[in-house]
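Residue numbers (this note's numbering), protein chains in the order written: chain F, 1 to 111; chain A, 1001 to 1116.
Among these hints, one or two may not hold up.
Each computed SDA-like pair below joins lysine to any residue, with the alpha-carbon atoms no more than 20 angstroms apart [claimed, not checked]: (1) F/42 with A/1037; (2) F/59 with F/16; (3) F/42 with A/1041; (4) F/106 with A/1044; (5) F/103 with A/1089; (6) F/106 with F/87; (7) F/110 with F/15; (8) F/110 with F/5; (9) A/1068 with A/1096; (10) F/103 with A/1042; (11) F/103 with F/76; (12) F/42 with A/1011; (13) F/103 with A/1013; (14) F/103 with F/72; (15) F/106 with A/1089; (16) F/42 with A/1087; (17) A/1078 with A/1013; (18) A/1078 with A/1060; (19) F/106 with F/9; (20) F/103 with A/1068.
FYI, nobody ran anything at the bench for these hints, they're computed from the structure.
So you can see what is in the structure, the chains are spelled out below.
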Amino acid sequence: ILNVEQSPQSLHVQEGDSTNFTCSFPSSNFYALHWYRWETAKSPEALFVMTLNGDEKKKGRISATLNTKEGYSYLYIKGSQPEDSATYLCAFGGSQGNLIFGKGTKLSVKP
Amino acid sequence: DAGVIQSPRHEVTEMGQEVTLRCKPISGHDYLFWYRQTMMRGLELLIYFNNNVPIDDSGMPEDRFSAKMPNASFSTLKIQPSEPRDSAVYFCASSLVVSGPSPEQYFGPGTRLTVT
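If we strip away everything but chain A, and leave its shape as in the complex, we get (with noise of 0.2 angstroms):
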């Protein structure tokens, strides 16, 4: 298997652009997470989904900010409009549900966000 696909693995924009990032998860898994992370905060995380269903998106910042996942194989997050503030590198991650402990996640290489 090729691991969590993101793209693009690079994002510059300007404020008040529309980011989407994009992420593939590993083909069977059934969690998807979105994290993002910065110096100040470290890796937080922003939603997660479950068989494609959102499970918690208290992480998500404010209403700027929204994901989905409209299959088992894709998800986006996405900012209208951006702001400097968002800059960050946003990583994506996916893991097998098990009826035990919280398995181990397997992170793609992340984008890195800059918002000028």
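For reference, chain F alone in the conformation it holds in the complex (with noise of 0.2 angstroms):
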């Protein structure tokens, strides 16, 4: 059974706190990571996909690190705003399209 985890469950920070957290998964049969912003109310919307060992990948001050080897990637962003509190998920990408979500971590940012 394939297993992804994300840490922290939950994380509070102050605005202007630069802030990340962490999605471990399978390193064997590997074919994508992706990252998905869900606001509350709101559906699950992606912010990445990433397939290579040692990708990073950048949309305003949120950016990705991925690490195949070892089975991690990390979401970075820089300077939280407000705006940025929502449940952020990751998902381990099968060889059939299909997708194995982690159960998120929920960010908070407090004015």
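Got two chains here, separate frames each, mind docking them using the hints?
As structure tokens, then:
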């Protein structure tokens, strides 16, 4: 059974703080690692899809790195803003197009 | 495109009743996924289709759950009979088929199901 672990479960930071969280996944049979952002009362939206070891992706103040050999990915948010408050999900992409999601890291940014 | 469309957005029903959730994927997308979101288990994959054919239904909890995709633009998830423990948010998602790594998925707004 594939297991995708995310830590921490929740995080409370002040506006302006930089933060990061971790996703751990099986290092064998790797196809892709996805990051999704999920705001309360909305649907998950894709942030990044990463496929190659050493991949780094960036979108504004948010960036992600990937280490497929050791099975982890980091998501970084620089200078957190209240609008960054959301649950951040990572998902391990299977060979058949399916995704296995972690339980997410819930980020709260206080003004 | 309007994105993935799900209906109803909210459903309240009594235990034992049949519930049907509906999904219209993004036009041209080849994959369709049904997920269930609960506090305890997070986002669980129930079943997914490729070109209207069910690929993996191992996540379907039990025989009370069934899903169909009669054509490329419509899918249903049915629960019969429903039980209080089925209360959750059910998401539908779709994606484009690719020959390489897994494509990003586009999620619908979800259906919040409450079984009393």
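Outcome of the hint check:
{"no.": "1", "hint": "F/42 with A/1037", "result": "holds, 13 angstroms"}
{"no.": "2", "hint": "F/59 with F/16", "result": "holds, 17 angstroms"}
{"no.": "3", "hint": "F/42 with A/1041", "result": "holds, 19 angstroms"}
{"no.": "4", "hint": "F/106 with A/1044", "result": "holds, 17 angstroms"}
{"no.": "5", "hint": "F/103 with A/1089", "result": "holds, 15 angstroms"}
{"no.": "6", "hint": "F/106 with F/87", "result": "holds, 4 angstroms"}
{"no.": "7", "hint": "F/110 with F/15", "result": "holds, 6 angstroms"}
{"no.": "8", "hint": "F/110 with F/5", "result": "violated, 26 angstroms"}
{"no.": "9", "hint": "A/1068 with A/1096", "result": "holds, 19 angstroms"}
{"no.": "10", "hint": "F/103 with A/1042", "result": "holds, 5 angstroms"}
{"no.": "11", "hint": "F/103 with F/76", "result": "holds, 18 angstroms"}
{"no.": "12", "hint": "F/42 with A/1011", "result": "holds, 17 angstroms"}
{"no.": "13", "hint": "F/103 with A/1013", "result": "violated, 27 angstroms"}
{"no.": "14", "hint": "F/103 with F/72", "result": "holds, 15 angstroms"}
{"no.": "15", "hint": "F/106 with A/1089", "result": "holds, 18 angstroms"}
{"no.": "16", "hint": "F/42 with A/1087", "result": "holds, 18 angstroms"}
{"no.": "17", "hint": "A/1078 with A/1013", "result": "holds, 13 angstroms"}
{"no.": "18", "hint": "A/1078 with A/1060", "result": "holds, 11 angstroms"}
{"no.": "19", "hint": "F/106 with F/9", "result": "holds, 6 angstroms"}
{"no.": "20", "hint": "F/103 with A/1068", "result": "violated, 27 angstroms"}
In this structure, the hints that do not hold are numbers 8, 13, 20, in rising order.
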